[in-house]
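Asks: Chain by chain, the residues:
Protein chains: 2
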Amino acid sequence: MPVLVMKFGGTSVANLDRIRRAAKRVGVEVAKGYDVIVVVSAMSGRTNELVGWVEETSPLFDAREYDAVVSSGENVTAGLMALTLQEMDIPARSWQGWQVPVRTTSAHSAARIEEIPPDNITAKFGEGMRVAVVAGFQGISPEGRITTLGRGGSDTTAVAFAAAFGAERCDIYTDVDGVYTTDPRICDKARKLDRISFEEMLELASLGAKVLQTRSVELAMRYNVKLRVLSSFEEQSDEAGTLVCDEEDVMESKPVAGVAYSRDEAKLTLLSVADRPGIAATIFTALSDAGVNVDMIVQNISEEGRTDMTFSCPVGEVARAEAALGRAHEAGELNFAQLVADRGVCKVSVVGIGMRSQSGVAARMFKVLSDEGINIKVITTSEIKISVLIDRKYMELAVQALHDAFDLDRAG
Amino acid sequence: MPVLVMKFGGTSVANLDRIRRAAKRVGVEVAKGYDVIVVVSAMSGRTNELVGWVEETSPLFDAREYDAVVSSGENVTAGLMALTLQEMDIPARSWQGWQVPVRTTSAHSAARIEEIPPDNITAKFGEGMRVAVVAGFQGISPEGRITTLGRGGSDTTAVAFAAAFGAERCDIYTDVDGVYTTDPRICDKARKLDRISFEEMLELASLGAKVLQTRSVELAMRYNVKLRVLSSFEEQSDEAGTLVCDEEDVMESKPVAGVAYSRDEAKLTLLSVADRPGIAATIFTALSDAGVNVDMIVQNISEEGRTDMTFSCPVGEVARAEAALGRAHEAGELNFAQLVADRGVCKVSVVGIGMRSQSGVAARMFKVLSDEGINIKVITTSEIKISVLIDRKYMELAVQALHDAFDLDRAG
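Quick note, the sequences are listed as chains C and R, same order.
All residue numbers for the first sequence refer to our numbering, where the first residue is 1 and numbers rise by one.
All residue numbers for the second sequence refer to our numbering, where the first residue is 1 and numbers rise by one.
Think of the hints as simulated: they come from the structure by calculation, not from any bench.
Note that beta-carbon positions come from the ideal geometry of N, C-alpha and C, so glycine has one too.
Worth double-checking, as some hints may not be accurate.
[To be verified] Restraint ranges, calculated between C-beta atoms of paired labels, are given here: (1) C:56 x R:393: 49 to 55 Å; (2) R:223 x C:142: 30 to 36 Å; (3) C:45 x R:168: 42 to 48 Å; (4) R:59 x C:294: 54 to 60 Å; (5) R:323 x C:142: 53 to 59 Å; (6) C:151 x R:59: 31 to 37 Å; (7) R:59 x C:234: 47 to 53 Å; (8) C:294 x R:31: 43 to 49 Å.
Could you put the whole structure together from the sequences, leaning on the hints where they help?
Replies: In structure tokens form, the structure reads like this:
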């Protein structure tokens, strides 16, 4: 029988009622003739509670013990989901990561899945079992210890199972009903997309659209797993939600698929840095060692052996960045006249595979912002994305203007 | 290095502060030079919460899924305890049942430990690890599923580890400071025993003294594991608590070691039963099939082919017993004139290995009760125990009078 993977996030299994509702959705697919692999997260709030205990016990915790503790939340949901399905007379059983086994690297709390041998579960399907309920987010290391995959890791578990079992599709049930052209909370014209390409989803995911874990989209793209995002809180048809798929299966012909934003950004500029080979490496190694997540980087034109270096990072990391660069300055590794921090910026991006074939998207974006009187502070581009840093107070205005200008409220 | 097993129950690890306090106790033993195996229960209340979810989801639950869900509580405590010890610079790691592995039977939710290969943990001790923190109450079946050992199972886990590792002693930390001559809540002269024999402890445990799981005492007796019960809430010396040990190591020479009671008993009498071979089997098979836990059984002298049969059971099971016997009567399997139930009785017992060598204990007990005007309704005896059923209203009086009469408030 064809295999379907269904993943339910924390809010979709937050209590016994919601687990029952999710189980009913599973029952619908079983009735269609699928053998189903259900991947579950911990009941919402549970993982945060466990993480809180670990951090309070040991601020610099042993990640192996962190994983042993934190993975327990998914085990509870998996067992309860299997019991719920059994109550509906659907043959089901739960599997913890080590039982499958989901083999991962030893990078505790951020492990990568290396292999999922399908034999055990396939054998059970052969014996009449209709649903394998798998605890998401977890696996087992070569040393036999429990690992976890990092926040949002259950999405990745689901896609990896879909790849390992050659599933027809991987349905990600969550608390939103799909992927939108932009955030409906700040733009009331935001429209749900029926389809989006892997590449676009990847850009949107890493830009802060929290629908899917970035790694899960990478994996789906690599193994060509059809991925569908849909709501566990609505009645569903086969066409519900958003299908994340190959570029050629996306019908829309617009240059831009969506507008993304990241609110709490900061822009830092090192003025008059000695412009010599290796200076960028010095700066960004210092920042990386201090745990600063640098995003955009721009180097201004060099004059008389000195240059200005601008970069962005989350506003919460500015103090750490300043301290790290100050230390490098005092140690004589780095020479600059001044460090200027602007804590009041945000990032707005337009994303679309159509940009590859249609020119003028950047020019149009800059014109739209200019017409609204919004000054652009930093620009970066990739093949299918253009991002700008602007004053935070203009964020909603910029998102709405771009959404209008690129006709995102209309399909086609 | 010699191995010590230390077990901490649910109230001893109820929150992070208590886990820290327990870890300090472990640190004291590590400093003495022991390699320590710590067995932990779930944080108190956690197991009840998990059991509640399972029962609400599926009243006639699949015990395999029950075990998968319920065992997760111990995994959390094991990880947190390992982290706490690491914070104290004590090399420690956690082990879940399947990782050791703790091999059990497949009798889910009431599994028995069959084997604990010590190799993995011993190897780690050899590499410098000082504490192995083991999740109690759980194991792995021959089929690779998670099993649990039944309520109080962590005591049994601890004793089984002590046997498997040839531990010098198995210390059970709990919320009381030892085993008492009787329940201090109903007799203020109750005295903590320094030592008690395995046999006496077994009688007291099965009589309702909830300090230790019966199975753990059986196992300790079989493998001659020195078992100590002590409080996790007090400063401890090497002589603290109560040592459960071989008969020859118990110094006390009194005939009676303790007085136990069970409050909510009921006495049922079948009047004028046809006295033919197999009639007892018919009665008690019917009761067993109905899930009635029959305790004491007395058959009165038979007259003219008919007899009276009296037995006791928990008061909550009387309705089930009446229904089962009524059905057997109607089906013609059983013929009796009347079924009389007395829901107002309790059981009081005196226990002591000294009874073997000292006669007259029963006579003395009956005299004491008679002097207090307490009528005895049923009597049963074993080699080291005498139990009576009496009216429930006399329970405290009987316990106090027997405690006085056998000089239990004084050592020696």
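Asks: A separate judgement is required for each hint: does it hold in the structure or not?
Replies: Each hint tested on the structure:
1. Take residue 56 of chain C and residue 393 of chain R: their Cβ atoms lie about 50 Å apart, and the range 49 to 55 Å holds.
2. A beta carbon spacing of about 35 Å between residue 223 of chain R and residue 142 of chain C agrees with the range 30 to 36 Å that was offered as a hint.
3. Distance hint check: the CB atoms of residue 45 of chain C and residue 168 of chain R are about 43 Å apart, consistent with the given range 42 to 48 Å.
4. The hint said 54 to 60 Å for the Cβ distance between residue 59 of chain R and residue 294 of chain C, and at roughly 56 Å that hint holds.
5. Separated by about 58 Å at the C-beta atoms, residue 323 of chain R and residue 142 of chain C satisfy the suggested range of 53 to 59 Å.
6. One distance hint, 31 to 37 Å for the beta-carbon pair residue 151 of chain C and residue 59 of chain R, holds here, with the actual separation near 35 Å.
7. Separation of residue 59 of chain R from residue 234 of chain C is about 30 Å and departs from the stated range, judged on CB atoms against 47 to 53 Å.
8. For residue 294 of chain C and residue 31 of chain R, the Cβ-Cβ distance of about 47 Å falls inside the hinted range of 43 to 49 Å, so the restraint holds.
Consistency note: the structure conflicts with earlier hint 7 alone.
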